[in-house]
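2 protein chains.
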Amino acid sequence: MSDDKRHLWKKVLSPLYWDDGKVVMLDQRLLPTREVWNTYTDHAQVADAIREMVIRGAPAIGCAAAMGVALGARALPGDPDPFWQGLLQVCARIAGARPTAVNLSWAVQRQQQLAERTMPQGVLAVRRALEDEAIAIWHEDIACCRAIGKLGAELIPDGAAVLTHCNAGALATGGYGTALGVVRGAVEAGKRLRVYADETRPFLQGARLTAWELQHDGIDVTVIPDVMAGALMSKGEIDCIVVGADRIARNGDVANKIGTYTVAALAARHGVPFYVAAPRSTIDRAIASGAAIPIEERPAREVTHVGATQIVPEGVKTRNMAFDVTPAELVAAIITEVGIARPPSETTVDALFERDFDWRAWE
Amino acid sequence: MSDDKRHLWKKVLSPLYWDDGKVVMLDQRLLPTREVWNTYTDHAQVADAIREMVIRGAPAIGCAAAMGVALGARALPGDPDPFWQGLLQVCARIAGARPTAVNLSWAVQRQQQLAERTMPQGVLAVRRALEDEAIAIWHEDIACCRAIGKLGAELIPDGAAVLTHCNAGALATGGYGTALGVVRGAVEAGKRLRVYADETRPFLQGARLTAWELQHDGIDVTVIPDVMAGALMSKGEIDCIVVGADRIARNGDVANKIGTYTVAALAARHGVPFYVAAPRSTIDRAIASGAAIPIEERPAREVTHVGATQIVPEGVKTRNMAFDVTPAELVAAIITEVGIARPPSETTVDALFERDFDWRAWE
Chain A
1 MSDDKRHLWK KVLSPLYWDD GKVVMLDQRL LPTREVWNTY TDHAQVADAI REMVIRGAPA
61 IGCAAAMGVA LGARALPGDP DPFWQGLLQV CARIAGARPT AVNLSWAVQR QQQLAERTMP
121 QGVLAVRRAL EDEAIAIWHE DIACCRAIGK LGAELIPDGA AVLTHCNAGA LATGGYGTAL
181 GVVRGAVEAG KRLRVYADET RPFLQGARLT AWELQHDGID VTVIPDVMAG ALMSKGEIDC
241 IVVGADRIAR NGDVANKIGT YTVAALAARH GVPFYVAAPR STIDRAIASG AAIPIEERPA
301 REVTHVGATQ IVPEGVKTRN MAFDVTPAEL VAAIITEVGI ARPPSETTVD ALFERDFDWR
361 AWE
Chain B
1 MSDDKRHLWK KVLSPLYWDD GKVVMLDQRL LPTREVWNTY TDHAQVADAI REMVIRGAPA
61 IGCAAAMGVA LGARALPGDP DPFWQGLLQV CARIAGARPT AVNLSWAVQR QQQLAERTMP
121 QGVLAVRRAL EDEAIAIWHE DIACCRAIGK LGAELIPDGA AVLTHCNAGA LATGGYGTAL
181 GVVRGAVEAG KRLRVYADET RPFLQGARLT AWELQHDGID VTVIPDVMAG ALMSKGEIDC
241 IVVGADRIAR NGDVANKIGT YTVAALAARH GVPFYVAAPR STIDRAIASG AAIPIEERPA
301 REVTHVGATQ IVPEGVKTRN MAFDVTPAEL VAAIITEVGI ARPPSETTVD ALFERDFDWR
361 AWE
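Quick note, the sequences are listed as chains A and B, same order. Okay, so the first sequence: first residue is 1 according to our numbering, each after it adds one. Okay, so the second sequence: first residue is 1 according to our numbering, each after it adds one.
These aren't lab readings, by the way, just hints derived from the structure by calculation. Any given hint could turn out to be false.
Identical copies go unnamed one by one, so any copy, or any two together, can satisfy a pair.
EDC-like, lysine to aspartate or glutamate: derived pairs with alpha carbons at most 20 angstroms apart [unchecked claim]: (1) LYS235 - GLU296; (2) LYS317 - ASP220; (3) LYS11 - GLU35; (4) LYS150 - ASP356; (5) LYS317 - ASP239; (6) LYS235 - GLU297; (7) LYS235 - GLU329.
The shape of chain A in the complex, shown without the other chains (with noise of 0.2 angstroms):
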């Protein structure tokens, strides 16, 4: 692999690079104020920065522990059954930072079954194979996000007002975002375009990481509180509304972030057409519709307070419940890195898994 590809985050903003045996991410807990890169040269820290949300978004944590893995394998014996033997360890270590994300423990078993295929070859071959795969899985995602990007810009119109919810973007994959992957795809698309981005309550992924990365890449960002989105739309002041999705039923329904939901109903009634944008890896198809997708609740302490700041009575209950449910019906169209789901059903979604993606083609 060619310098210029293991450093593909030069012309794709990325959260994290690899760096010649080194994992370089950007440390998201410190932004907006402070934008602070930080170098790994250990595996453990690198599961560190994962628990800890140095790095967070399902994909761009599963590009943290493959490098993670490649970091570890560097540092092990030569002997063969030593090297194995703590390969194992790394990988349970990584493995177990965040126990429930998916991508993690998926980005970790597919490099400990390259090694262990790998192993007959010797070591040197296992470290070597494990860094081509950690950039392979980091690029593979970043060549999915401008897939997704170049397909989803055909529906947004020049010159609109797109607002978007929470940060389904670069900082939450290998790079250059899922929904705010369609507003970049626009944008390099020649079209002129304004972000509204949603503050995204409670952990305000939107305030903080969305509009910090579209400043970045100089796109037009404004942010506003949740609570403004529906004003905004009864104005006519928004043509589009982008967003993720952690999760999508077989119908089409989409768990995302809480306050999604929202966007979407205020959209339906405003007659705002309302995309999501996600990989095709984010729908489940063994799960039929949204009811069955469980939805977690997460610490009172992050409705309670913001930074140092107590803004809830001491005593009083809170609810946070991380996700909700968006029903098919209220989404226009669902935009993958293969095709584009419009409207979202059973068929159009099926659709979607008879085709081919050749993420090569990207880079």
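Following the hints, put chain B in place on chain A, whose structure we already have.
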């Protein structure tokens, strides 16, 4: 006026009271973490407290202003001419504290006109009249709220989960509250309720004030981020909604805190009744519909910071519309002290103005 009438605050939660020549106000800037009652002996201090938002909410500000004038009159010379000149200065100082609040100038004018009428009876009589009038203005506002609460209680089913937005509570009025007056009225009528309080970004009146005052009164309250109301409604967890109003047009369109329209639109989608509770004085019959109500844009800092924590990158644009307009068609009923406009329309709204209200019956 008997002592216990002067201390109505002991029976009804009020954000202020008159304590024998002193004005005592709860410092709402420090809520929800600290309950501090400030004592004011000087009218200029009261003016400063209004300007610095120790007290907020238009009816509450009106009460504070009337008490401030009474306070000023006590400190003026006993000689009629310098007394009258001094009183005009006191009135101007207080009226200028927040020049745009209608209730503020209304209360000051009412006091000044009373003083002018009473001057022939001497300075001592004016001082007494201003003091009694300040208490009357305060008690009248509480009486309005209690009447709203009693009428509105009939609309709230026993066992209901009631959602509210912002703080239309005791803290925003002379006491008891409008939307939260309906909650208190239902509780006094023996109904068991659970209240969900939208946190109400950007200023967080729901999280900070509504939660505090309902907890204070022992009413079951749960704070949610604004983005969560839609998910709760879609799960059938909200039975009705009660909010206040900043201004109501003759056709029943309601201007209220930003985010109110979103709640109303979600309520319509889920068949949840959406009620507005407000004194009749909130209805501006000179305005035909909500389209004519101007919407104030407030400072960016309310959006970009929470306490000392910066949540939006430096240099990124924000919007901060203070209010939105809910069309009358989304409002099941407007609850006032003289009756309920159900459904709101020019006819039902006009009918409210054919009735009398005897606030002394509520003492």
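Hints, verified against the model:
no.: 1; hint: LYS235 - GLU296; verdict: between (34 angstroms within a copy, 14 angstroms between copies)
no.: 2; hint: LYS317 - ASP220; verdict: between (38 angstroms within a copy, 9 angstroms between copies)
no.: 3; hint: LYS11 - GLU35; verdict: within (18 angstroms within a copy, 54 angstroms between copies)
no.: 4; hint: LYS150 - ASP356; verdict: within (16 angstroms within a copy, 66 angstroms between copies)
no.: 5; hint: LYS317 - ASP239; verdict: between (37 angstroms within a copy, 19 angstroms between copies)
no.: 6; hint: LYS235 - GLU297; verdict: between (34 angstroms within a copy, 14 angstroms between copies)
no.: 7; hint: LYS235 - GLU329; verdict: between (24 angstroms within a copy, 17 angstroms between copies)
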